[in-house]
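A.B. asks: Residue-level listing of the chains:
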Amino acid sequence: MIVAFVAAISFALIHLAPGDPFSAAMDNPSVSDAVRENLRVQYGFDRPLPEQFARYISQLARGELGWSFSHNRPVRDVLAHAVPNTLLLMSIALIASFALGILVAVVQVTRRGSTTDGVLSGLSLLFLSMPDFWLAILALLTFTYWLPVFPVGGAVDPVMHEYMGLGGRILDRLKHLVLPALTLTLLAAATVARHQRAALLDVLPSDYIRTARLKGLTERAILRRHALRNATLPIISLIGLSFPALLTGAVFIERVFAWPGMGYALVNAIESRDYPLVVGSVIIGSVMVMLGSFLADMLYAWADPRLRAG
Amino acid sequence: MFARIMERRPSRLALGILTTIVFIGLMAPLIAPYDPAAQPDIVAMKELPPSFAHPFGTDPYSRDVFSRVVYGARLSLLIGVLATVVSLTFGVAYGAIAGYAGGFVDAVMMRILDAFLAIPRLLLLVAILAGWPRLSIGALILFLGLTGWFGLSRIVRGQVLALKHAEFVTAARALGASRRRILWRHLLPNLVSPIVVAATLGVAHVIVLEAGLSFLGIGVPQPGASWGNIIRDGSDQVAALWWMSLFPGLMMVMTVMTLNVLGESLRDTYDRSA
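Line by line, the protein sequences give chains B and A. Numbered according to our numbering, the first sequence spans residues 1 to 310. Numbered according to our numbering, the second sequence spans residues 1 to 274.
Hints listed in this document are in silico derivations from the structure and should not be mistaken for laboratory results. Any given hint could be a false lead.
[Unchecked claim] Which bits of chain A does chain B cover? Going by a derived footprint, with three or more residues having C-beta under 8 Å, they are:
1) 14–26
2) 249–257
[To be verified] Listed next, the stretches of chain A that the computed footprint assigns to chain B, with coverage defined by at least 3 CB atoms under 8 Å from CB atoms of chain B:
3) 202–212
4) 237–245
As the structure is a prediction and not an experimental result, all values here were calculated from the model. All C-beta atoms in this analysis are idealised placements derived from N, C-alpha and C, irrespective of residue type, glycine included.
Sequences and hints are given; from them, build the entire structure.
C.D. replies: Printed below as a string of structure tokens:
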């Protein structure tokens, strides 16, 4: 239902915007009006709006997202190549950021009130306040120009990749992956660390923690065995909430590192005024985020024994 | 509430920095040494590294980056505040109506909200802005505001729902107060704290969003000096023109971070008193 709503919003947006892909504002001004009219008829832009909407929805239902003018290919094909790269980046960042964020939070809570705690809190707030593209640019500057250890951009070396052996190719891909993945991980980890620290501090005053402490368990064992387990549920709901931020971050990071994913396709589509590709990316992006939150909800239901029983 | 957050050192520091940045924005014409849009010599003076004459260097159009960053403070803060005012107006109205009406109206209004919340805000904005070639700043502010009220209206609805049957509301109703009077005089004053928190964090969020959109080329129109625009102008040669991404970015991070610090300490004090 929500997908249909998103489609309706995007259709409304397309038609609220002035002109169409064939008007002079978008297109080459030297093309004559007669040719423009022909194209409008050919692509169905002359039909009444309700009919266009019905066609649009039925196309969407069949997985057709329209025609990308800048790639001269169906939007679906363009995105089919791009989405796996974005998913790869997002999944790595998702796993790594939760691992890093939880680790930071545990360290902070073990030494709460100390300088370490304060410094880590400050750092996570710093990363939280950084625009994604700016951190990406800083990483690019630092690790490709000032300390050239990583390649500048793309997913593989544009010239040498074809001539590498299997091992070389894997290494090449990994090298290209490090900076984009690291940037996205740091940005996402900041949120996780802050939430997790708060969740752990919420749990600590509970009775069962006091019991564990009275049993003589060390602070570390209490955190690991008792507090962290009970703070798992907030983590899972946080996973669901983190998808929009991960996707948004991926858009900017792909732009800066020329990572050939959906965000990169979207940014290029904006630059070349390829509106069908823009809307297609927005729809697919929203669907990805929705699926992500849905999966997180399922995981939550499975992980919470109270919900599992009922 | 305000006095209490000032007892903390980070909040005092944040407020000090933020006041300075606001001051820079207000006094931009007096502080900036050059016209931020002037292109004095596009051949001889373009892409100069930082020097005494141009502390943040110049851009590919020979404009002084320091002056542009100073004017950027004015533009980014203005956009942040105005867009947040739009968001607050919509968010509070929508949430208060849904919460107070309850029942079917509430259910429908919340489902609509769910659908909007499902689309990441940046993508929604990209879909809107990419369709309009050459959008004015006013329209940009409006769209930034119109896409930012969903979360707040949920909070407001929850609060209204919780307070609707409080004794003081029942008492007001018994005294014959109209619906509008109950909403304005009795419910809204109880919502001031969460609204202030949401507004502070909201301004920070809008500044980051505007910078991102400008970076993608669909935010503030050229030659407007916004921090995102400046970074975009240097993004084709990030390494050669490092001063164009470093300085505006630092200003932006400082602004956003101080707003976040203030917003979070406001929330902490509010949570504790609630």
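A.B. asks: Between the segment 249–257 of chain A and chain B, see if three or more residues pass the 8 Å beta-carbon test, and mark the coverage as holds or violated.
C.D. replies: holds (count 5)
A.B. asks: Tell me if chain B covers the segment 237–245 of chain A under the three-residue, 8 Å CB rule, please?
C.D. replies: With 4 residues close enough to chain B, the hint holds.
A.B. asks: Quick check: the segment 202–212 of chain A, covered by chain B? Criterion 3+ residues, Cβ under 8 Å.
C.D. replies: That given contact holds, which follows from 4 residues of the segment 202–212 of chain A lying within Cβ reach (below 8 Å) of chain B.
A.B. asks: Count the residues of the segment 14–26 of chain A whose Cβ falls closer than 8 Å to any Cβ of chain B, and tell me whether that reaches three.
C.D. replies: Violated - the segment 14–26 of chain A has 0 residues with a Cβ nearer than 8 Å to chain B, which falls short of three.
This entry does not satisfy hint 1, going by the numbered hints stated previously; all others are met.
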